[in-house]
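Order-wise, the sequence lines are chains A and B.
Per my numbering, the first sequence runs over residues 1 to 119.
Per my numbering, the second sequence runs over residues 1 to 119.
One should not assume that every hint holds.
To be verified - List of simulated lysine-lysine pairs, DSS-like, C-alpha gap at most 27 Å:
{"no.": "1", "chain 1": "A", "residue 1": "118", "chain 2": "B", "residue 2": "70"}
{"no.": "2", "chain 1": "B", "residue 1": "118", "chain 2": "B", "residue 2": "102"}
{"no.": "3", "chain 1": "A", "residue 1": "102", "chain 2": "B", "residue 2": "102"}
{"no.": "4", "chain 1": "B", "residue 1": "118", "chain 2": "A", "residue 2": "70"}
As the list claims (entries may be wrong) - Between beta-carbon pairs, the in silico distance windows are:
{"no.": "5", "chain 1": "B", "residue 1": "68", "chain 2": "A", "residue 2": "92", "range": "33 to 41 Å"}
{"no.": "6", "chain 1": "A", "residue 1": "63", "chain 2": "B", "residue 2": "91", "range": "49 to 57 Å"}
{"no.": "7", "chain 1": "B", "residue 1": "23", "chain 2": "A", "residue 2": "73", "range": "21 to 29 Å"}
{"no.": "8", "chain 1": "B", "residue 1": "11", "chain 2": "A", "residue 2": "118", "range": "40 to 48 Å"}
Claimed, not checked - Stretch by stretch, here's where chain A covers chain B in the computed footprint (C-beta under 8 Å, at least three residues):
{"no.": "9", "stretch": "7-16"}
{"no.": "10", "stretch": "23-37"}
{"no.": "11", "stretch": "81-93"}
In short, the hints are calculated from the structure, not lab data.
Glycine included, every Cβ here is placed at the ideal spot set by N, Cα and C.
Protein chains: 2
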Amino acid sequence: MTTSSDSDDPTVSNPDHYSTLWENEFVRVLEYRDTPGTETTPHHHPNSVMVTLSDFERRLRLGDQHRDVKLSAGQAVWLPEQRHAGTNTGSTPTHTILIELKSSSTGIDTHAASLGPKL
Amino acid sequence: MTTSSDSDDPTVSNPDHYSTLWENEFVRVLEYRDTPGTETTPHHHPNSVMVTLSDFERRLRLGDQHRDVKLSAGQAVWLPEQRHAGTNTGSTPTHTILIELKSSSTGIDTHAASLGPKL
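Just chain A, same shape as in the assembly:
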């Protein structure tokens, strides 16, 4: 298990792409936007639900693991707690909403099977 630090927070590590829309005692809600070719630096997500507002293709990386995901606008997927970096590998901008759960477990699953969303 790896512990998180402030620099793992995507709004800190990648502020050009992640912004906080609002938060309360239960959730923090982020908006993510990028353009084709954008690469993020490694960052941490708590257990989250991601709702896609655009179609996009993305390669997620953690160490020597990677996983390619292709999502359509209007999907709602579970993103289990994890650390990763991502690259927009498609030809369209990415636009998503991330609902981070504050009460979620603090364990980080580094298995390849959980890299990226559960589809």
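Following the hints, put chain B in place on chain A, whose structure we already have.
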């Protein structure tokens, strides 16, 4: 405070409009769709985040209270735990995703100020 029953579950009371996309130990994720003029019967929502996938206008009712809300596609709003019924008062279909929090408080706030989403 009112206690919930199965018939308060919108997927039970209004199955033509609410469907469960998936659930896990932390959340249940619902999709809501309707057309102009659709009225739902009273139902209960736990603390939830609603992500809008369409523009829509809606009148929410609880007893003799009502509140009109107008939302745009791509918004993420907090829906505090509540019981209500709703009518699509606009000219466009409604399409939303509701992320219900399973760990949320079980108190129901019946104050008018919390009827509908927090904007």
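query: If you check the beta carbons of residue 68 of chain B and residue 92 of chain A, does the distance land in 33 to 41 Å?
result: This hint holds: roughly 35 Å between Cβ atoms.
- request: Mind checking the alpha carbons of residue 118 of chain A and residue 70 of chain B for me, to see if they're no more than 27 Å apart?
  value: Status violated; Cα separation ~32 Å.
message: Given the hinted pair residue 118 of chain B and residue 70 of chain A, is their Cα-Cα distance within 27 Å?
response: Given pair residue 118 of chain B, residue 70 of chain A is violated - Cα atoms ~32 Å apart, limit 27 Å.
task: Below or equal to 27 Å on CA atoms is what counts here, so check residue 102 of chain A against residue 102 of chain B.
output: holds (12 Å)
query: Given as covered by chain A, does the stretch 81-93 of chain B meet the bar of three residues or more with CB within less than 8 Å?
result: violated (count 0)
message: Within 49 to 57 Å: is that where the Cβ-Cβ distance between residue 63 of chain A and residue 91 of chain B falls?
response: holds (51 Å)
task: Mind checking the alpha carbons of residue 118 of chain B and residue 102 of chain B for me, to see if they're no more than 27 Å apart?
output: holds (19 Å)
query: Do at least three Cβ atoms from the stretch 7-16 of chain B come closer than 8 Å to Cβ atoms of chain A?
result: Since 0 is below three, the answer is violated.
- request: Quick one: see if chain A covers the stretch 23-37 of chain B, three-plus residues with Cβ-Cβ under 8 Å.
  value: Coverage by chain A holds for the stretch 23-37 of chain B (5 residues, Cβ < 8 Å).
query: Is it true that residue 11 of chain B and residue 118 of chain A lie within 40 to 48 Å of each other by Cβ?
result: violated (21 Å)
task: Kindly confirm whether 21 to 29 Å is satisfied by the beta carbon distance between residue 23 of chain B and residue 73 of chain A.
output: Holds, since residue 23 of chain B and residue 73 of chain A (Cβ atoms, about 22 Å apart) stay within the stated range.
Of the hints listed earlier, those the structure fails to meet are numbers 1, 4, 8, 9, 11, in rising order.
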